[in-house]
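*Asks:* Given the coordinates of chain A, assemble chains B, C, D, E and F onto it according to the supplied hints.
Chain order of the listed sequences is A, B, C, D, E and F. Per the working numbering, the very first residue in the first sequence carries number 318; after that it's consecutive. Per the working numbering, the very first residue in the second sequence carries number 318; after that it's consecutive. Per the working numbering, the very first residue in the third sequence carries number 318; after that it's consecutive. Per the working numbering, the very first residue in the fourth sequence carries number 318; after that it's consecutive. Per the working numbering, the very first residue in the fifth sequence carries number 318; after that it's consecutive. Per the working numbering, the very first residue in the sixth sequence carries number 318; after that it's consecutive.
Read the hints as simulated data drawn from the structure, not as lab findings. Warning: the hint list may mix true and false statements.
[To be verified] Cβ-to-Cβ under 8 Å is the rule here; a few derived chain B residues that face chain C:
# : residue
1 : N407
2 : R408
3 : K410
4 : A414
Only a predicted model underlies this, so the values are computations on that prediction, with no experimental measurement involved. We treat Cβ as the ideally placed atom computed from N, Cα and C, and that holds for glycine.
There are 6 protein chains.
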Amino acid sequence: MVHPLEKTSGGQIVRGLFIGRFQPFHNGHLEVIKEMASEVDKLILVVGSAQESHTFEDPFTAGERHLMMSESLEANEILNYYIIPIMDINRYKVWVAHVRSLVPPFDVIFTNNELTSTLFAEAGVEVRRPKLYDRSKYSGKEVRRRMALDEDWHSLVPAPAAKVIEDIGGVRRIKTLSGGKA
Amino acid sequence: MVHPLEKTSGGQIVRGLFIGRFQPFHNGHLEVIKEMASEVDKLILVVGSAQESHTFEDPFTAGERHLMMSESLEANEILNYYIIPIMDINRYKVWVAHVRSLVPPFDVIFTNNELTSTLFAEAGVEVRRPKLYDRSKYSGKEVRRRMALDEDWHSLVPAPAAKVIEDIGGVRRIKTLSGGKA
Amino acid sequence: MVHPLEKTSGGQIVRGLFIGRFQPFHNGHLEVIKEMASEVDKLILVVGSAQESHTFEDPFTAGERHLMMSESLEANEILNYYIIPIMDINRYKVWVAHVRSLVPPFDVIFTNNELTSTLFAEAGVEVRRPKLYDRSKYSGKEVRRRMALDEDWHSLVPAPAAKVIEDIGGVRRIKTLSGGKA
Amino acid sequence: MVHPLEKTSGGQIVRGLFIGRFQPFHNGHLEVIKEMASEVDKLILVVGSAQESHTFEDPFTAGERHLMMSESLEANEILNYYIIPIMDINRYKVWVAHVRSLVPPFDVIFTNNELTSTLFAEAGVEVRRPKLYDRSKYSGKEVRRRMALDEDWHSLVPAPAAKVIEDIGGVRRIKTLSGGKA
Amino acid sequence: MVHPLEKTSGGQIVRGLFIGRFQPFHNGHLEVIKEMASEVDKLILVVGSAQESHTFEDPFTAGERHLMMSESLEANEILNYYIIPIMDINRYKVWVAHVRSLVPPFDVIFTNNELTSTLFAEAGVEVRRPKLYDRSKYSGKEVRRRMALDEDWHSLVPAPAAKVIEDIGGVRRIKTLSGGKA
Amino acid sequence: MVHPLEKTSGGQIVRGLFIGRFQPFHNGHLEVIKEMASEVDKLILVVGSAQESHTFEDPFTAGERHLMMSESLEANEILNYYIIPIMDINRYKVWVAHVRSLVPPFDVIFTNNELTSTLFAEAGVEVRRPKLYDRSKYSGKEVRRRMALDEDWHSLVPAPAAKVIEDIGGVRRIKTLSGGKA
Numbered sequence: 318m319v320h321p322l323e324k325t326s327g328g329q330i331v332r333g334l335f336i337g338r339f340q341p342f343h344n345g346h347l348e349v350i351k352e353m354a355s356e357v358d359k360l361i362l363v364v365g366s367a368q369e370s371h372t373f374e375d376p377f378t379a380g381e382r383h384l385m386m387s388e389s390l391e392a393n394e395i396l397n398y399y400i401i402p403i404m405d406i407n408r409y410k411v412w413v414a415h416v417r418s419l420v421p422p423f424d425v426i427f428t429n430n431e432l433t434s435t436l437f438a439e440a441g442v443e444v445r446r447p448k449l450y451d452r453s454k455y456s457g458k459e460v461r462r463r464m465a466l467d468e469d470w471h472s473l474v475p476a477p478a479a480k481v482i483e484d485i486g487g488v489r490r491i492k493t494l495s496g497g498k499a
Numbered sequence: 318m319v320h321p322l323e324k325t326s327g328g329q330i331v332r333g334l335f336i337g338r339f340q341p342f343h344n345g346h347l348e349v350i351k352e353m354a355s356e357v358d359k360l361i362l363v364v365g366s367a368q369e370s371h372t373f374e375d376p377f378t379a380g381e382r383h384l385m386m387s388e389s390l391e392a393n394e395i396l397n398y399y400i401i402p403i404m405d406i407n408r409y410k411v412w413v414a415h416v417r418s419l420v421p422p423f424d425v426i427f428t429n430n431e432l433t434s435t436l437f438a439e440a441g442v443e444v445r446r447p448k449l450y451d452r453s454k455y456s457g458k459e460v461r462r463r464m465a466l467d468e469d470w471h472s473l474v475p476a477p478a479a480k481v482i483e484d485i486g487g488v489r490r491i492k493t494l495s496g497g498k499a
Numbered sequence: 318m319v320h321p322l323e324k325t326s327g328g329q330i331v332r333g334l335f336i337g338r339f340q341p342f343h344n345g346h347l348e349v350i351k352e353m354a355s356e357v358d359k360l361i362l363v364v365g366s367a368q369e370s371h372t373f374e375d376p377f378t379a380g381e382r383h384l385m386m387s388e389s390l391e392a393n394e395i396l397n398y399y400i401i402p403i404m405d406i407n408r409y410k411v412w413v414a415h416v417r418s419l420v421p422p423f424d425v426i427f428t429n430n431e432l433t434s435t436l437f438a439e440a441g442v443e444v445r446r447p448k449l450y451d452r453s454k455y456s457g458k459e460v461r462r463r464m465a466l467d468e469d470w471h472s473l474v475p476a477p478a479a480k481v482i483e484d485i486g487g488v489r490r491i492k493t494l495s496g497g498k499a
Numbered sequence: 318m319v320h321p322l323e324k325t326s327g328g329q330i331v332r333g334l335f336i337g338r339f340q341p342f343h344n345g346h347l348e349v350i351k352e353m354a355s356e357v358d359k360l361i362l363v364v365g366s367a368q369e370s371h372t373f374e375d376p377f378t379a380g381e382r383h384l385m386m387s388e389s390l391e392a393n394e395i396l397n398y399y400i401i402p403i404m405d406i407n408r409y410k411v412w413v414a415h416v417r418s419l420v421p422p423f424d425v426i427f428t429n430n431e432l433t434s435t436l437f438a439e440a441g442v443e444v445r446r447p448k449l450y451d452r453s454k455y456s457g458k459e460v461r462r463r464m465a466l467d468e469d470w471h472s473l474v475p476a477p478a479a480k481v482i483e484d485i486g487g488v489r490r491i492k493t494l495s496g497g498k499a
Numbered sequence: 318m319v320h321p322l323e324k325t326s327g328g329q330i331v332r333g334l335f336i337g338r339f340q341p342f343h344n345g346h347l348e349v350i351k352e353m354a355s356e357v358d359k360l361i362l363v364v365g366s367a368q369e370s371h372t373f374e375d376p377f378t379a380g381e382r383h384l385m386m387s388e389s390l391e392a393n394e395i396l397n398y399y400i401i402p403i404m405d406i407n408r409y410k411v412w413v414a415h416v417r418s419l420v421p422p423f424d425v426i427f428t429n430n431e432l433t434s435t436l437f438a439e440a441g442v443e444v445r446r447p448k449l450y451d452r453s454k455y456s457g458k459e460v461r462r463r464m465a466l467d468e469d470w471h472s473l474v475p476a477p478a479a480k481v482i483e484d485i486g487g488v489r490r491i492k493t494l495s496g497g498k499a
Numbered sequence: 318m319v320h321p322l323e324k325t326s327g328g329q330i331v332r333g334l335f336i337g338r339f340q341p342f343h344n345g346h347l348e349v350i351k352e353m354a355s356e357v358d359k360l361i362l363v364v365g366s367a368q369e370s371h372t373f374e375d376p377f378t379a380g381e382r383h384l385m386m387s388e389s390l391e392a393n394e395i396l397n398y399y400i401i402p403i404m405d406i407n408r409y410k411v412w413v414a415h416v417r418s419l420v421p422p423f424d425v426i427f428t429n430n431e432l433t434s435t436l437f438a439e440a441g442v443e444v445r446r447p448k449l450y451d452r453s454k455y456s457g458k459e460v461r462r463r464m465a466l467d468e469d470w471h472s473l474v475p476a477p478a479a480k481v482i483e484d485i486g487g488v489r490r491i492k493t494l495s496g497g498k499a
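Same shape as in the complex, but just chain A (with noise of 0.2 Å):
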């Protein structure tokens, strides 16, 4: 386990941004975070459209997704992150000064986003490409496709926020709401 505080020597703090919905967390997620969290001292984590919840496609609160992540991330003595909620502001162009006001200072965004790569650049943020992981299976919508099915999500996601999912429901509310668009 690498603490922040000792990795960067003599230096400035380097911080790093990450931008999901997170609906839910999976080891793709995971496997990413892993990653960026060795590149900076510190690696924010940004909870997208944290006002939705109830949906098929964004099923779970801003709370209960943070809970998934930071329970996972403890679980794999990831420590050097900040998890931070956003709600969506719906206008493009001011959407960069609306995340810089809610999280501390950053240096970088990782993004694989091409809409997301622009507008930080225009704001004069350096942006990296995080390593891509396979999103034909670790993607939100695969996991809560199979969950509305019955079938195994279980490998797809850390066993912490499984159990997360577990304790609050969430395969019922899936199922409640997926009205046969799984």
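*Replies:* Just chains B, C, D, E and F now, kept in the frame of chain A:
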């Protein structure tokens, strides 16, 4: 240092909630957080009025306040906390639901504020009174007043929070915003 | 005609809640309201999506829908109701608190919608299933379709509601808005 | 008791609008409503600032205020009214349209407030001045002051409204919120 | 070039309103504006959905659209106009009041849109139909499609607007946002 | 009269921004705009708090203020300006991005306000101090005070702005709204 997952043996995780504006984070906050953090497994610290900044009453952004807090808590080896910024909703009857949707599930709220106490109690949450610190000295208002008038404020604020304030030019900002209000 | 204050003898007043968009109010609504109004002392009828009007899916203002309902209920000698327009909040986890702040205290919600049922049950409200009417005939969508295509819609709507629709030029409005959607 | 549908013979239904905050509903309100309700077929009572509650100036939710009003009006055999909660929009030039979208069509507004009078007159609505009641006695402010100070407030409020206030613990709430303001 | 204050002799100033999204400003817009500007003393050009940008359907900010318009109109010696950005309000029944509060008083609206026509007519505004241009060629959608696919779009857009688009890197933005939608 | 496109030879167009509430537009505004308009190619005049009207502090709508300004500027042969109404966002850290999304790109902001200066400087915009006019005489507050008390206000306001105020019944509105505040 108490590791949060070791504290409760065989039992349920207990999470507590504490809400403040932290404009800025001061020694009174630190003192009461130390106590609360020893009473629960996880302490959820809500940075209230997160949308505010750059006024004399609310000079710092939610992200800046987050950094003051996390740096100070780490330096004091308090690690079992979550910091969550929450923007005002300005509808008290809906506010508890607003908070609940954004933070992990919690069992108890710590507050000495009568309105907060009433609203959470009505919603079925256990209310505990945190110990009181000396408010004539330890208040955001007093710290801001001293900053505006070049009096000693460092003695009221944890050193890591003071460093954050200085890194972001916080004293100059407060002087600009004071406009004779101090 | 049952006077609401005579119905419960010696006991507590029971209030029930029913939520609809009522675009427009039709005989299916009337039928189910008759039944619910006989089960409780006061029936609170929430006009949902109250901010909407002048679209093909939501052609009528909340005020126009209110009038269709109150005129039809009076004509049917149902008097133990309140009609309350509520604008959407688009945050499901906060929605129950939003509704609760705007309507008188209630004991039971009538709904066949799974999401509504889940959200109110999570908030500790008793959920009852109202009887089902023939949705292939009695649905706002079908009424609007018939209006747009000059088919018979009067047989689906209480006469006083039809009169309101005609007084406000509702059929012409729906034709203008249909744009080939019917 | 006058049944609203019997009152106008052969003519057009006339609807009037009256706006108040009703914090709480008092005898002055009742008196003026009695008069207005006798002048029009239907009286639309708007519960303004519907989003407010749990402050000393606005202690009661819109739903609670609705109940105080409907119980008092029924007890006084005034039945030709609608009660409609409306949240503030804080843009005066748009406010009349906001109100109009949420209430049934109306022909006249009753108001002694100059701004309200100006705005509705500009929008082409007939303005009538309701009779004035003794505002030194019958005002929400005076009722709240007496509640906070344990003085007699029952004599200022219709008995059914007083019962609602007591059922919801309203006096205790006001004392909690008064904070020396009374 | 017609100076606006010279045009009406002895009479009342006539102001007209025209609403568009102008994503981007094209020759069809220019053609119809020429005609309308010759009919009234002042033409108020509302840049609608002003909050939108950086999506494929709404790629340009209100400020960027303003510049495309003003540069093109000046180059064509049309000077009797105001350009006013207006953010959506998403409540049709309130929308006319929203527009009216933000623009100078106007006498006539130019529109071929049925909903716009209905809403302004209901509010007592004279509606005129502007002449129709060839929409298969001159539409924002067609211009954006051509940009995304590297087809000729310059022939559809006034040269000064094309220069603005190139100065801000508009084609690249549209390609980034197209995501296979073109 | 200087035509904006002739002023800069061979170089880049320079645009400046100036923000005011203009309640109402007065000779102090005119004087400083004259100077600023001579320094840049295009002057962007932001009508701030555009959502406000019909209060004593903010009596006029954004559209009315626009008209006062454009009529006065034209009469003074200042033509190289844009007038853009902007509604408040009440989040200072996001405000610069809000403004930027709604106005054409600009290079310099003219302001003597410390907060505005700080926020735009932090965002990398060049700040220039416009010359100061006599604020004891030329202030919206003083003009409104004189209107409310029937003192001479015409001498403080450009004649075309005074005509707009009279055309819309502005003095009567201010008297209605003053309520003893003047």
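*Asks:* So, for every hint listed, does it hold in this structure?
*Replies:* Right, here's what the structure says about each hint:
1. With a least beta-carbon distance of about 12 Å to chain C, the hint placing N407/B at the interface is violated under the 8 Å criterion.
2. The beta carbon of R408/B is positioned within 8 Å of a beta carbon in chain C (closest approach about 7 Å), and the interface hint is therefore held.
3. This hint holds: K410/B has a C-beta 4 Å from the nearest C-beta of chain C, less than the 8 Å allowed.
4. Interface restraint check for A414/B: the shortest CB-CB distance to chain C comes to about 4 Å, inside 8 Å, so the restraint holds.
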